[in-house]
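Construct the entire structure; sequences and hints are all you get.
Chains as they are written, first to last, in the UniProt record's numbering: chain V, 1 to 375; chain P, 1 to 276; chain C, 1 to 333.
Source of the hints: derived by calculation from the structure; they are not laboratory data. Warning: the hint list may mix true and false statements.
Claimed, not checked - Straight-line C-alpha distance at most 25 Å; calculated SDA-like pairs for lysine to any residue:
| no. | chain 1 | residue 1 | chain 2 | residue 2 |
| --- | --- | --- | --- | --- |
| 1 | P | Lys178 | V | Ala344 |
| 2 | V | Lys164 | P | Glu259 |
| 3 | C | Lys224 | P | Pro190 |
| 4 | C | Lys145 | P | Ser156 |
| 5 | V | Lys139 | P | Phe180 |
| 6 | C | Lys145 | P | Ala255 |
| 7 | V | Lys139 | P | Ser156 |
| 8 | C | Lys145 | P | Ser194 |
| 9 | V | Lys141 | P | Leu185 |
| 10 | V | Lys162 | P | Gly173 |
| 11 | P | Lys178 | C | Lys145 |
| 12 | V | Lys139 | P | Glu270 |
| 13 | C | Lys224 | P | Ser156 |
| 14 | V | Lys141 | P | Val193 |
| 15 | V | Lys141 | V | Gln93 |
As the list claims (entries may be wrong) - Cβ pair distances, simulated, as ranges:
| no. | chain 1 | residue 1 | chain 2 | residue 2 | range |
| --- | --- | --- | --- | --- | --- |
| 16 | P | Leu258 | V | Ser247 | 51 to 59 Å |
| 17 | P | Leu96 | C | Gly46 | 12 to 20 Å |
| 18 | P | Ala90 | C | Gly46 | 14 to 22 Å |
| 19 | V | Arg23 | C | Gly45 | 48 to 56 Å |
| 20 | P | Leu258 | C | Met225 | 44 to 52 Å |
| 21 | V | Lys118 | P | Gly128 | 50 to 58 Å |
| 22 | C | Arg147 | P | Phe88 | 26 to 34 Å |
| 23 | C | Ala311 | P | Ala189 | 36 to 44 Å |
| 24 | C | Thr246 | P | Ala90 | 31 to 39 Å |
| 25 | P | Phe88 | V | Lys19 | 26 to 34 Å |
| 26 | V | Thr277 | C | Asp235 | 40 to 48 Å |
| 27 | V | Lys118 | P | Arg262 | 25 to 33 Å |
Note that the Cβ used here is the ideal one computed from N, Cα and C, for glycine as well.
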Amino acid sequence: MKFEPWHDPAAKPYVQIEKVTKRFGDFTAVDNVSLSIYRGEFFSLLGGSGSGKTTLLRMLAGFEQPTEGRIFIDGVDMAGIPPYDRPVNMMFQSYALFPHMTVENNVAFGLRQDGVPKDEIRTRVAEMLELVKLTPFAKRKPHQLSGGQRQRVALARSLVKKPKLLLLDEPLGALDKRLREQTQFELVNIQEKLGVTFVVVTHDQEEAMTMSSRIAVMDHGHIAQVGTPTEIYEYPNSRFTAEFIGSVNVFEGNIVESEPDHSLIRSAEAGCDLYVTHAAHLAAGSHCWVAIRPEKVSITKERPADADTGRNVTRGVVREIAYLGDISIYQIDLPSGKRVRATAPNVTRRTELPITWDDEVWLCWRPFAGVVLTD
Amino acid sequence: MRKSRLPMVLLGVGLAFLYLPIVLLVVYSFNDNRSLTVWTGFSLRWYHELLADSQMLEAAWLSLRIAFATACGAVVLGTLAGLMLARFGAFRGRALFAGMISAPLVMPEVIMGLALLLLFVSAEQLVGWPAGRGVLTIILAHITFTMSFVAVVIQSRLVSMDVSLEEAAMDLGARPAKVFFVITLPIIAPAIVSGWLLAFTLSLDDLVITSFVSGPGSTTLPMIVFSSIRLGLKPEINALATIVVAVVATGIALAGFLEARRARIREREESQAGRV
Amino acid sequence: MPAQDPSQSSPVPAGAAAGLPPVAPRTLKDRVLGVTRRLGLTGRGGVILGPYAWLVLFFFIPFLIVLKISVAEPAVGIPPFTKLVEWVDGGLDLHIRFSGFQALFDDDLYLLAYLNSLKIAFVSTLCCLVIGYPMAYAIATAPEKRRGPLLMLIILPFWTSFLIRVYAWMSILKDEGLLNNLLMGLGLIHEPLKILYSDLAVYIGITYSYLPFMILPLYATLEKMDHTLLEAAADLGARPWKSFLTITLPLSLPGIVAGSLLVFIPAVGEFVIPSLLGGSDTLMIGRELWNLFFNSRDWPSASAVAIALLAFLVGPIMIFQHFQGRDQDKGAA
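Set out below in structure tokens:
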């Protein structure tokens with residue numbers, strides 16, 4: 001069975017953020033945010049700098065108090081509960097490993113604060129170090145570890161208390177690209193093994209897409225969209241989300257037909273009618289945009305069979321080609337002046353590209369490719 | 001880009017300016033002549049005279065005790081003050097506090113000394129405490145002006161310290177007081193040691209404030225030195241200066257050596273970081 | 001935190017002892033947490049209270065007392081001034097005299113001493129800046145490994161006694177001192193220069209003693225400066241001297257201001273240097289204050305001098321605190 005508690009009306013949210021606003025003086029960092037996070041989720045807060053994602057995380061940890069609104073964790077109102085009394089632990093972006101303590105003592109620190117018996121501390125720390133594969137490094141100080149190892153100590157330290165909720169602030173931000181990819185999967189494995197609910201702050205969309213059960217895209221203190229990685233990518237609800245995640249072609253146009261099973265948009269910019277197989281929920285004549293991802297646009301030199309319909313087919317001239325190895329990115333200028341981006345996998349090894357600069361090409365896409373956006 | 005050598009040359013000249021007087025002082029402490037300018041021969045006679053001067057020795061012992069008590073008091077108050085400025089955010093009366101803590105850094109000593117004396121006199125009239133001036137009033141006055149220096153040292157260390165270390169400890173269940181003692185204090189320990197030494201030196205060295213707030217029977221070393229050199233040169237003072245310089249130089253050399261060794265070990269460990 | 005019945009933290013079960021309606025059962029841990037949390041709050045308050053109370057008592061109030069005594073009248077006795085407020089025949093009698101301040105204006109001596117102190121402090125500050133800037137610059141641009149030891153060399157003299165360093169100059173500057181001997185030996189002069197016990201000796205003494213206070217803040221700003229800025233300027237065609245004037249100097253302005261104030265403000269009130277190196281005609285206000293207090297035992301006038309000196313220095317001190325406060329606010333943010 002798929003893990004989708006957010007579709008289950010009977011499921012109770014584990015973390016509930018209710019109309020939370022945080023202001024620092026005149027600056028509103030988080031603006032009237034409501035969110036429900038379910039037990040066992042790997043939830044990402046994705047946004048650029050200043051989007052309010054870190055402030056929201058710090059409010060969950062208890063380092064900041066909401067100016068307005070309330071936060072419930074497992075049904076308990078967190079108002080006025082200081083960080084040291086919350087059933088929540090955090091992994092810091094800088095890792096914040098205590099420099100004067102060994103790895104072992106760093107991991108044991110949280111258990112000591114709770115007065116856990118010594119024997120139990122020893123076994124739980126050992127288990128945790130085993131889990132993150134750091135047993136041989138138990139007696140080391142943080143400066144005697146590599147970046148990746150430090151990251152795992154930070155993870156072990158924040159997990160050892162079995163928190164109801166683990167908050168991770170840019171957990172992979174300080175690692176290099178290769179290590180980051182590998183660690184992404186490790187993080188997901190550990191989360192699944194322990195069943196702890198994770199809330200991750202990240203500015204890296206790839207990271208969020210790979211690891212998360214759901215993503216909340218944040219912008220200027222607001223939540224722009226909440227959904228699974230697929231939903232966010234395939235069905236963005238706004239131009240902001242569409243453009244923030246991946247790259248996208250957006251065509252401006254007007255609704256011609258608006259039916260429950262399809263919509264037809266006339267776009268001078270695209271140079272053709274856009275037929276989309278979902279309802280636009282807009283009256284005919286309304287102004288709207290249609291977003292089409294570059295990989296869904298196919299690029300051919302031959303005239304497509306259904307070119308006569310005038311729907312989802314247009315022509316242009318290739319202006320730029322970027323060869324990335326696995327794929328190539330084409331930039332095509334339409335007669336309207338609109339520049340369109342299309343990507344194509346390099347399926348065969350070719351010494352000479354079949355499409356080259358200044359070629360006149362046909363662009364077409366399937367009816368399910370487009371998404372109608374209203375803002 | 002070729003770097004100009006001029007600043008380095010000027011630095012050398014400046015350092016010579018800073019050290020030449022001290023070197024001369026040391027050299028002439030071994031001169032067997034009262035004139036202090038004509039070298040007549042090597043001698044330790046000024047050291048013998050210094051060590052025979054019981055008044056000077058008593059004053060030195062008193063100054064050391066005062067400096068010790070001052071440094072301990074100033075470190076406690078200065079650390080708390082630094083903590084307040086670096087970590088407590090906006091508390092009521094912060095501006096006044098910041099003003100009061102930084103003013104003694106530049107306040108002319110004659111003003112501080114006069115103000116503190118008048119306080120002690122008025123307090124004695126009003127509540128009968130402190131009874132008379134002496135060691136106690138000197139220590140109170142010294143703590144007041146040295147704690148500012150300690151606060152600056154501690155505060156700048158705290159500002160450069162990663163706040164998330166303290167947040168992490170709190171997140172793992174440690175209460176604020178425990179966070180301070182288990183995390184903050186060990187990490188800023190070197191700054192606390194420098195703060196202590198700074199307060200100790202400032203107290204040991206102070207003449208003006210001490211003169212105002214001291215009483216009969218509490219004559220410190222700087223007061224004796226001042227009254228004796230006011231009338232002209234005294235070769236015993238050269239001997240005293242040489243001892244002070246020797247103690248400081250040994251201390252600094254030792255600290256430098258230990259620090260260099262620590263840095264070497266750390267560097268080696270860091271270069272091997274991550275390997276089993 | 002929800003408001004709590006204070007009786008809940010008492011060791012005796014609240015309801016049973018006071019006959020109150022029974023309260024909801026609370027575990028021991030909850031109670032302990034409740035109490036410590038409240039203590040935690042007062043703990044922060046306690047931390048603030050300690051240093052705050054100390055400074056109010058030993059720094060703030062003393063100035064009020066100086067202000068008070070500056071308007072009292074000198075008297076023969078212990079302490080040597082009159083009471084401001086007295087009960088006379090069942091009525092309150094207020095004695096406020098401005099004789100202390102009057103003396104400041106009647107006697108040229110004080111005005112001259114103030115002006116001369118400002119002049120000496122200003123010139124000495126300038127000397128410190130001229131000598132200290134290249135030194136700070138050289139250290140800041142030295143290889144990183146050498147900066148620490150070089151900085152240590154600047155701070156080192158500060159750890160030796162201030163008095164002793166001033167004393168060292170006495171033996172150098174006196175008539176038959178080392179400097180005169182050297183100059184005469186080289187044949188540059190034929191009669192010893194009268195430097196000791198003159199204003200010039202005071203300039204040298206202040207510059208020498210306060211030099212580290214100038215270098216340290218200068219170094220701090222120069223060291224923080226991004227050195228690629230100079231490379232960028234050079235790349236864009238600026239000659240080194242031009243880059244220095246248009247990039248380095250403006251960016252190090254905070255250090256220049258901080259260092260200058262650290263030298264200037266205490267130098268205005270300097271006592272030790274003018275009394276050891278200066279002549280009997282070297283007027284400086286710190287010295288006059290000292291004489292008024294210790295020799296004339298005129299406490300009200302000494303207080304008036306202190307208040308007037310403070311009035312001169314309030315401006316510079318506020319600027320200094322503004323710069324100092326910028327670092328502090330970084331900490332508070």
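Just to be sure I understand the hint, the distance between the Cβ atoms of alanine 90 of chain P and glycine 46 of chain C should be within 14 to 22 Å; is that true here?
holds (18 Å)
Take the C-alpha atoms of lysine 178 of chain P and lysine 145 of chain C, compute the straight-line distance between them, and say whether it is at most 25 Å.
Answer violated: lysine 178 of chain P to lysine 145 of chain C is near 36 Å, above 25 Å.
Straight-line alpha-carbon gap lysine 139 of chain V to glutamate 270 of chain P, limit 25 Å
holds (15 Å)
Does leucine 185 of chain P sit within 25 Å of lysine 141 of chain V, going by the straight-line distance between their CA atoms?
OK: lysine 141 of chain V and leucine 185 of chain P at ~18 Å, within 25 Å.
Measuring from beta carbon to beta carbon, are lysine 118 of chain V and arginine 262 of chain P in 25 to 33 Å?
31 Å Cβ-Cβ, so the 25 to 33 Å window holds.
Quick check: does the Cβ-Cβ distance between leucine 258 of chain P and serine 247 of chain V fall within 51 to 59 Å?
holds (57 Å)
Keeping to a limit of 25 Å between CA atoms, is the pair of lysine 162 of chain V and glycine 173 of chain P held or broken?
Holds, at about 13 Å.
Do the beta carbons of threonine 246 of chain C and alanine 90 of chain P sit within 31 to 39 Å of each other?
holds (38 Å)
Satisfaction of hint between serine 156 of chain P and lysine 224 of chain C, Cα-Cα up to 25 Å
Within the cut-off at roughly 14 Å; holds.
Starting from the hint 44 to 52 Å, judge whether the C-beta atoms of leucine 258 of chain P and methionine 225 of chain C obey it.
Cβ of leucine 258 of chain P to Cβ of methionine 225 of chain C: about 31 Å, so the range 44 to 52 Å is violated.
Would the pair lysine 145 of chain C and alanine 255 of chain P pass a check requiring their Cα atoms to be no farther apart than 25 Å?
Judged against 25 Å, a Cα distance of about 17 Å means the pair holds.
For the range 26 to 34 Å, tell me whether the beta carbons of arginine 147 of chain C and phenylalanine 88 of chain P fit it or not.
holds (32 Å)
Violated hints for the displayed structure, listed by number in ascending order: 1, 2, 7, 11, 19, 20 and 26.
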